[in-house]
Amino acid sequence: MSSLCGCWPSKPKLSREEDHVGKVSPVVQRRKTDIGKPSNSGMAADTILSALDIVSESIPLPAVSVAVKAAIRLIELCQQVQDSLEQADELRERIRGLSLVLVQGLSGKPVEEITDNLKRDIEQLQGDLQYIEEKLTEISNQHRLLLVLFKNANEEAVKKCLKKLDGSLHNFALSRQVHNAAVLKKLENDIEAYYRTLQATLENTEEMMRDIKEIKTMLQNFNPEFRQEIQSTTRKPHPPSRSHIFYGRDEVLNRLATRLVPAMCETGSKVLLALLGPGGIGKTSAALAVMEHDVVQERYGGESNQFWVGCAKATSATLLLDILYDSLCINKKTGQTLEDILAELRPPSSKPEQQPYRLLLLDNFETPWNADEGQVEHILRNLADIPRLSIFITMRANQPPTDQKWEVELLKPVDVEASAKIYTKIYPDTSEEQLFELLDAIGHLPLAVTLLANYARTSQTTPVELLRNWRRDGPDILSMSDDDEDNVMHKSIKLSLDNPPMKKSIHAMKVLTLLAFFPTPVSRVDLEKYWVPEGINQSKALHVLSKTALVELTESTAFVIPVIRSYILRHTPDRDFVAATRVRIHRVCCSLIADHGSSPGDPTYLDDKQFLSSQEVNLQSVLLDATSESSTDVSPEILQALLTLSWHQRYTRPRSDLIEHTLSVSKRMKNAKYEAESLVCSAEMCRALCEFNVAIERVSRARGLFNALGDRNSVARCFLKLIEYDLCKPTASQDSLENFLCLVEEARIAYGADDPFGQALCDLWHGQIYNHHGMLLEAHPMLERARAKFEELGRRLELERCLSALALSYRHLYLQQPELVPNSLAIALHLTNQALELSIQCGRGDYQSHNLHCLAITLKYGRLYDEALGRALEFLTLAKLLGDALGVGDALKEIGDILSQIGDWINAEIALQKALVAYEGIPASLLKDYQIRNCRILLYQVERTLNDMESMLPSR
Numbered sequence: 004m005s006s007l008c009g010c011w012p013s014k015p016k017l018s019r020e021e022d023h024v025g026k027v028s029p030v031v032q033r034r035k036t037d038i039g040k041p042s043n044s045g046m047a048a049d050t051i052l053s054a055l056d057i058v059s060e061s062i063p064l065p066a067v068s069v070a071v072k073a074a075i076r077l078i079e080l081c082q083q084v085q086d087s088l089e090q091a092d093e094l095r096e097r098i099r100g101l102s103l104v105l106v107q108g109l110s111g112k113p114v115e116e117i118t119d120n121l122k123r124d125i126e127q128l129q130g131d132l133q134y135i136e137e138k139l140t141e142i143s144n145q146h147r148l149l150l151v152l153f154k155n156a157n158e159e160a161v162k163k164c165l166k167k168l169d170g171s172l173h174n175f176a177l178s179r180q181v182h183n184a185a186v187l188k189k190l191e192n193d194i195e196a197y198y199r200t201l202q203a204t205l206e207n208t209e210e211m212m213r214d215i216k217e218i219k220t221m222l223q224n225f226n227p228e229f230r231q232e233i234q235s236t237t238r239k240p241h242p243p244s245r246s247h248i249f250y251g252r253d254e255v256l257n258r259l260a261t262r263l264v265p266a267m268c269e270t271g272s273k274v275l276l277a278l279l280g281p282g283g284i285g286k287t288s289a290a291l292a293v294m295e296h297d298v299v300q301e302r303y304g305g306e307s308n309q310f311w312v313g314c315a316k317a318t319s320a321t322l323l324l325d326i327l328y329d330s331l332c333i334n335k336k337t338g339q340t341l342e343d344i345l346a347e348l349r350p351p352s353s354k355p356e357q358q359p360y361r362l363l364l365l366d367n368f369e370t371p372w373n374a375d376e377g378q379v380e381h382i383l384r385n386l387a388d389i390p391r392l393s394i395f396i397t398m399r400a401n402q403p404p405t406d407q408k409w410e411v412e413l414l415k416p417v418d419v420e421a422s423a424k425i426y427t428k429i430y431p432d433t434s435e436e437q438l439f440e441l442l443d444a445i446g447h448l449p450l451a452v453t454l455l456a457n458y459a460r461t462s463q464t465t466p467v468e469l470l471r472n473w474r475r476d477g478p479d480i481l482s483m484s485d486d487d488e489d490n491v492m493h494k495s496i497k498l499s500l501d502n503p504p505m506k507k508s509i510h511a512m513k514v515l516t517l518l519a520f521f522p523t524p525v526s527r528v529d530l531e532k533y534w535v536p537e538g539i540n541q542s543k544a545l546h547v548l549s550k551t552a553l554v555e556l557t558e559s560t561a562f563v564i565p566v567i568r569s570y571i572l573r574h575t576p577d578r579d580f581v582a583a584t585r586v587r588i589h590r591v592c593c594s595l596i597a598d599h600g601s602s603p604g605d606p607t608y609l610d611d612k613q614f615l616s617s618q619e620v621n622l623q624s625v626l627l628d629a630t631s632e633s634s635t636d637v638s639p640e641i642l643q644a645l646l647t648l649s650w651h652q653r654y655t656r657p658r659s660d661l662i663e664h665t666l667s668v669s670k671r672m673k674n675a676k677y678e679a680e681s682l683v684c685s686a687e688m689c690r691a692l693c694e695f696n697v698a699i700e701r702v703s704r705a706r707g708l709f710n711a712l713g714d715r716n717s718v719a720r721c722f723l724k725l726i727e728y729d730l731c732k733p734t735a736s737q738d739s740l741e742n743f744l745c746l747v748e749e750a751r752i753a754y755g756a757d758d759p760f761g762q763a764l765c766d767l768w769h770g771q772i773y774n775h776h777g778m779l780l781e782a783h784p785m786l787e788r789a790r791a792k793f794e795e796l797g798r799r800l801e802l803e804r805c806l807s808a809l810a811l812s813y814r815h816l817y818l819q820q821p822e823l824v825p826n827s828l829a830i831a832l833h834l835t836n837q838a839l840e841l842s843i844q845c846g847r848g849d850y851q852s853h854n855l856h857c858l859a860i861t862l863k864y865g866r867l868y869d870e871a872l873g874r875a876l877e878f879l880t881l882a883k884l885l886g887d888a889l890g891v892g893d894a895l896k897e898i899g900d901i902l903s904q905i906g907d908w909i910n911a912e913i914a915l916q917k918a919l920v921a922y923e924g925i926p927a928s929l930l931k932d933y934q935i936r937n938c939r940i941l942l943y944q945v946e947r948t949l950n951d952m953e954s955m956l957p958s959r
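One rule links them: number in our numbering = place in the sequence shown (from 1) + 3.
Keep in mind that the hints were calculated from the coordinates and are not lab data. There could be a bad hint or two in this list.
Below, in silico cross-link-like pairs of lysine to any residue (SDA-like), each with a Cα-Cα straight-line distance of 25 Å or less [claimed, not checked]: (1) LYS273 x GLU342; (2) LYS513 x LEU470; (3) LYS676 x GLY761; (4) LYS273 x PRO390; (5) LYS408 x ILE429; (6) LYS415 x VAL255; (7) LYS676 x PRO733; (8) LYS931 x GLU694; (9) LYS506 x GLY538; (10) LYS513 x ASP443; (11) LYS415 x ALA582; (12) LYS507 x HIS599; (13) LYS428 x VAL411; (14) LYS673 x TRP650; (15) LYS424 x LYS408; (16) LYS532 x HIS546; (17) LYS532 x HIS599; (18) LYS931 x THR516; (19) LYS506 x THR465; (20) LYS408 x ARG258.
Please read all numbers here as calculations on a predicted model, not as lab measurements.
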């Protein structure tokens, strides 16, 4: 959608030139080889002649083009006879000068301004040039001997030719100009400059024409619906690496793989499989091994159709949706995250049989399920309804989460032989005395075996000693429930924490506690740079934690698995240290967000956006941890961090969950300032999602709060936002000029005369209002004044908006009153290119998309259809990349319109039909209805033309 409001102007009246829409301009049709091909004559290489030939074709009087072509032939003839005729050079220059002045004088002049007398004079010139051509042709065909014998006669003939030209020059009142070298030189320079521009355009056009077949092929294959594409899966997260110490699971792996690949006649095309059991039993390792099983690989097409989703970090339904969105490589961005996920995973509406078989592994599903059972069940049921999508969950439970038809596997501990293999693989030098008694005591839980084996290896403890210590601690130590396996697991963790290397390290427990606050792996570089306090040796601490198997360490990340993480946060004896670590993490999180909280247009924004995107899940999890309890006091720093992260989501992937939480917390804390700021951010989120009436309601409430706070600048900002949202509505009133101008004046007063930036913003929206009401000439001074001030202040983002508004004004001026500014379309094109460059610099993909759309429209008006098609294709590609379903529809509609204007009715129909499919994929709104209605009108015109053409074909 247009990023600039004023995107719903009053319908422009078409100029005379628009009556010819659909006819390809001769300038565009002419190939480069026609205008620059050298002939045998050196004169033919004269770029002035080539330019004259091209420019004359744009003059709406065919006789001019005929005359110029004749003049070019004469100049070449003069070149051929110049050695035998003294006055040939003079004749050549006279013809050349006459052609220059004639074309320059008539270029760009409407046909009705060319008088009948002038037309007769041009026809007379044609006759004179024909006479001269005949004489020079006779001379050039003479034998060398005759040229010598009849030299005087030939010179007389040339004199007669010069006299005829003098008569034409007199008729056109051009003789003085032709003899004025300075004027002629200027004309030459002007036409050469035009020619060079045209030559470059035609070179680009020729390149575009080479790509036109590829564009049309792409269009025919383009899917307007958002579908999870194989190539997009390169950004999906990698599952945790599976331990190479893995024994005793072959039978269960084969059974699980068989369940995931049933006969089609038995359960259809999808499976719901739940792998259940206590923490530490090895559910994740077993599930990952099943995903690698040959039978599963064959059914689900390899890695590209298998998705691991780590749910341990999904401490709410909102976070679960965000994790699913990223893990499944979803692209569509309507703000309704669940609907976006479902839309891309569902089979294509027209070809459901083309849907691939896909497997979704939801690992540690107990975390979101225990956090919000109702909402998570809604998500799970919707996912389970998708054809050919099998769902495989691991969960710390004894029964599946819903009453759907689940295949259930309760994972049991490994047998004694496998348990002993795990232990001795980790600690090959162990004594075997009482080893089997020890393994029986810990229940053969794989994680417990792993922890104890690492403990024994690092402390050189024998199974006899370990068994004695185990029995001494008793069965009920640190029990979280009555489940014996939980008791065993907690005892194993406690023993690992009491391991001598842990006791000797003064930093390992601190780093472990810190890592336990993060539900997802943390970059080791970021850990050292931001999170670990000064004075702690991170490298040594991680080495100890890795040796004791308390932390999963990769080359770049560190991670605490959920069962250990839960134990550390809930059962570590030093509760004061845990509380202090939590406070520090909250403080560092706020500081990091504040340090990277720049806005689009700021010099550091692109880097800051990349940083926040890379840390978003962990940062959001920390902030939710700090604000989830209703009794918790929330500091202004945390409120600001919530607000900044919400704005980041507005600029990257608009969605409302976090900002609604921020608004709720601000209201709960009775902080009117942050409540008002949250309302503004929420309004912007609604505007991005095309919910304009809600946006108006939110920003109106914000204005009231700012007014009560005495914040005049923010009040002024809200006045301008009200204008913006109202102008964006497809049903914006055309008779509300006075109301809009009153809002601008209110904003001017609130900003104050001493605020140049605020006044420039008011000028911008003043100009936008005039644009919207068709008062284009009145808009220009306002927008130019705003432009100058934004340039002076270095405000790139606002300058981009101003340039876009000016381009829109000149484009509509071209349509309505082209005679007022003859080069209005060229100005619009130049301004839009400038705006496009700024939008890229500012990192606003939505603005970039808008400018590409405007470029396509402007080039289409200039009948540069190939270039317009290329820009529309860029617009389509970017819109799909941004997940903008509305933008995809707009781009396809524009492509369809361009193709119809060059007479490619079949591909135009394809494009417009696909545009309608794209529009159907956006949430219900007046804007959706408006775009669909306009698209159907275009499609009806195209289909009617195709039907008319078909009716004219001879019947078989």
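Next item on the list: Please name the hints from earlier in the document that this structure breaks, with their numbers sorted from lowest to highest.
Entry: Failing hints, ascending: 2, 5, 7, 10, 11, 12, 13, 15 and 18.
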